[in-house]
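Novice: If you read the sequences in order, they're chains A and B.
Quick note on UniProt numbering: the first sequence kicks off at 1 and runs consecutively.
Quick note on UniProt numbering: the second sequence kicks off at 1 and runs consecutively.
Mixed in with the good hints, there may be bad ones.
Any copy, or any two copies together, can satisfy a pair, since identical chains are not distinguished.
Each computed EDC-like pair below joins lysine to aspartate or glutamate, with the alpha-carbon atoms no more than 20 Å apart [stated by the list, open to error]:
| no. | residue 1 | residue 2 |
| --- | --- | --- |
| 1 | K261 | E531 |
| 2 | K443 | E54 |
| 3 | K505 | E463 |
| 4 | K505 | D462 |
| 5 | K118 | E133 |
| 6 | K283 | D72 |
Rather than coming from a laboratory, the hints here were simulated on the basis of the structure.
Number of protein chains: 2
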Amino acid sequence: MSNPHPELKAPPKLPRDGLRVVALGGLGEVGRNMAVLEHRGKLLVIDCGVLFPEEHQPGVDVILPDFSYLKDRWQDVVGVVLTHGHEDHIGGVPYLLKERGDIPVIGSRLTLALITAKLKEHRIKPRTNQVAEGDRLSLGPFDCEFVAVNHSIPDGLAVMVRTAAGSVLHTGDFKMDQFPLDDRITDLRAFARFGEEGVDLFMVDSTNAEVPGFTMAEKDLAPAIETVFRTAPGRIVVSSFASHVHRIQQVLDAAAAHKRKVAFVGRSMVRNMKIAQDLGYLKVPRGLIVDAKALDDLPPNRVTLVCTGSQGEPMAALSRMANRDHQIHVGEGDTVLLASSLIPGNENAVSRIINGLTRWGAKVVHQGNAKVHVSGHASAGELVYCYNIIQPRNVMPVHGEWRHLRANADLAIRTGIDPSRVVVVDDGVVVDLVKGKVAVTGKVRAGYVYVSGGAVGDVTEDELRDRLTLSQQGTVTVVALVDAETGRLTEPPDFLARGLGTDEKMFEAAIPDIEKALAEAAGQGIGDPHELEQRIARAVSRWAMRRHRRNPLVVPVVIEA
Amino acid sequence: MSNPHPELKAPPKLPRDGLRVVALGGLGEVGRNMAVLEHRGKLLVIDCGVLFPEEHQPGVDVILPDFSYLKDRWQDVVGVVLTHGHEDHIGGVPYLLKERGDIPVIGSRLTLALITAKLKEHRIKPRTNQVAEGDRLSLGPFDCEFVAVNHSIPDGLAVMVRTAAGSVLHTGDFKMDQFPLDDRITDLRAFARFGEEGVDLFMVDSTNAEVPGFTMAEKDLAPAIETVFRTAPGRIVVSSFASHVHRIQQVLDAAAAHKRKVAFVGRSMVRNMKIAQDLGYLKVPRGLIVDAKALDDLPPNRVTLVCTGSQGEPMAALSRMANRDHQIHVGEGDTVLLASSLIPGNENAVSRIINGLTRWGAKVVHQGNAKVHVSGHASAGELVYCYNIIQPRNVMPVHGEWRHLRANADLAIRTGIDPSRVVVVDDGVVVDLVKGKVAVTGKVRAGYVYVSGGAVGDVTEDELRDRLTLSQQGTVTVVALVDAETGRLTEPPDFLARGLGTDEKMFEAAIPDIEKALAEAAGQGIGDPHELEQRIARAVSRWAMRRHRRNPLVVPVVIEA
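Just chain A, same shape as in the assembly:
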């Protein structure tokens, strides 16, 4: 395995018989998945997703891959292949197409329907190319063959990319449910055929590589869902991902069996379920779905609401129900079913919702007290099957934090793959496949690009640091009127504090330090207001740390009087 801490170093020119792989996202994080393949001067992009921020990235809406590696090379991009329709695989496409609008977007029927709906909101009409399992498509020097894979959204695809320099099999996100609702299983026959032909590089989903055994079947949730519908005395509120068509299919089936009506609540849920129904992915019994308003006329035990917000998103319907900030007042007799996974990092938000709903008297059924969720990703047992069926020449674990990538690599090595042919690398690390062997040859920029309040890339790491300081220490503005002649204060400075957790008058004790700083500046003949502001800020910061062990963000204002 490779050095996980390489220097940023531009890679050498790719040999003509070489294939280059650079992930601009998805290595070292769960999200913003994006891989760029290069061969004979052309580039093929696989997925372009977003990453959701953590608590140390306040005010950030989503995080994009850094496209600067593609700068000056947009014309070489022959297409972007989307493996499936989840945000962490398609959410970056609008920003990609703003760089070059006519890049062909390749994907399955449902995936293209979802990205097209998303792009419509951005007023972008993409050039699409719909494919299905079994299809082959030439994109410049890349010959792509698409393979059915099973995941927590229908119509997922893996892609086998053949080039003159060798072949790459990229799984996308997948698992191996042997009894999926749509009978569309991950096509191990195709994997076996590729294995016989020879796979030079296997790029494989790592999300669940740490989890031993096999991921349970989606259908195994039916008993727990059935129990909710059989026993709930009043309304049932189900919260799930707006893209989890099969989970919602199970809920619809249970509702129909128990003579309940169903209303979808929340913009993305309504939109996606309409798409899924129109395209035939969601099968809806006639008369089952009603408008949310029509529910008022039904007795509670005939009502089912299906909404978003299962991750505790504060603006989503479920969170607002928990805060009684929603027209639907959940209370005694109601049952809330959280039919989705808990994405790491959302524990507190989800727990707040469970507590809020429970306080109002609702019964909450969730993965902590019932079998109401299975993962969408292959566990270690399934991954080992893949390694043994495919027997790839080289392996590059993708989609996961470092721990997941490393666990996946360990599985590959246990099946007999030479450790020197297993590359565990970060985003931006350049991996070249030449003469059938992978090697790390450099590193390119692959930092976080923050979308914050609609603006892309304006929030920098420095500004996030400022935001964290502001949130932990607050801020104090120091307004100093300075005599332009003498460089001295004409009156005591004003102090305006916010979020400081202390009386702003405290800072009056720092005035001698400010006076001293100004006197020093005057002694050195310095009168530039900007320079005086820097010195005042430094003096106040030092004083606050020395006297109070505090480090507020100091905003200095010098006005010459």
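Mind docking chain B on chain A? Use the hints.
Specialist: For chain B alone, kept in the frame of chain A given last:
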């Protein structure tokens, strides 16, 4: 069960034959546990802990119970009983004793040793009263009998409080490990005896009430710990709570069996282990413990480090090792064992550590991939045993979020206790036991008191809201020089932005709105600088929201020229 949303209403005078219970913490949260019992004008406090902040409470060190209910009544407090030595039960005692220093502190030998060491750091010498299981102690009108309970720290006690108005059995934190390392099991014989005598109010730990079945035995971790010590090729770094004496005992035993030396790293770990060893709770084979510096002279496969930081605390040894910011460079060949639970809310921080250590090449063993932790709290199965053995007349679930309290109440009701005798209430709700039956009679202040940067209670909810706005939206200071005569700007205002994620020049487009606000004020004859500042802030905020959907914290400065 009671109304979970009562109005804040002062309770009536307690009848002479009544017993009042008010929890000032621990109901609706996991932490700052504190119950106040009142009878015949005297008060008995059970536990006084801290709560650790969540991500929406930035810059907060710990959260205390609000003591204002005890204001003017400190002289009535006959003692504070500490059930065990965890921070969420003893961390508030220094602040309590700052209110009245001579309140007797009652607890077991280890508990008193831990609180005395903590108080020493606050330069407080407490008046202590050491008790053990089986002891009885009269504290004013409260006759206390102490009972052994098993928990994730040795020497835990439950307390049976008998008064003329009835009896209260408070479990503290407990579980029912039938094979604990110290053979000190939860004394169900005593519980049975109390049941025969009659327990009027059972206050019972709810932390694990949602978890079905029985909590595994501490000794059942031995195989996983043994596997680590048998197979680790290099150093072993174990991270655990500094108070988990039995977990660390198991690590010491494994180290001794495999001829490794052990060094403790981290101030609280060194301090607590010395206390535990001195008092005989930790049994240390001669020559096993060495100074951390002495480890350099040993081969890696003879080294064990035991440190704090298992919750991802950024300043603790483990986090610094993950960032290579610690003298001990963990890397290839090293094994890190996280031998503790993951407290909800710390998932991201712990995951960052696992990823960091894995990137450096270490193998990380944690509760996600090995059986290296058991909980310290009774699961649903154990709680049901208690209800059936004790058959209490009334039940008040304590220690937990609302979901835990409610789950515990449901268990009580399933064992046959009348729902009207099960009170699920929030902090501050007044519960009176009169003539053998509980009733909610009022509510007192029980808000959060924040300790932030050493200051107690200075950070308010408003200021936390400011901090969150600052972190998500940043701040802009507007400096306006205003002509005292005309009320108009003498020059364009200055804008100083921090954490805004955008160019501060953007705000220049808001100048017309500022001019308009000033003109309006002048028209109304308003010249007070403070009022002008409010108007400028409002104008800029509205402009930012209207034009940019942003809501930065605006700090206005008006200077009359």
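Novice: If a hint holds in the structure, say so; if it does not, say that too.
Specialist: Structure-based check of each hint:
1. K261 with E531: So K261 and E531 fail the 20 Å test inside a copy (69 Å) and across (56 Å) alike.
2. K443 with E54: neither (25 Å within a copy, 37 Å between copies)
3. K505 with E463: For K505 and E463, the Cα distance is within 20 Å only across copies (16 Å; inside one copy 28 Å).
4. K505 with D462: For K505 and D462, the Cα distance is within 20 Å only across copies (18 Å; inside one copy 29 Å).
5. K118 with E133: Classified as neither: same-chain Cα gap 23 Å, cross-chain 66 Å, threshold 20 Å.
6. K283 with D72: neither (46 Å within a copy, 67 Å between copies)
Figure legend: structure checked against the earlier numbered hints; hints not met, in rising order: 1, 2, 5, 6.
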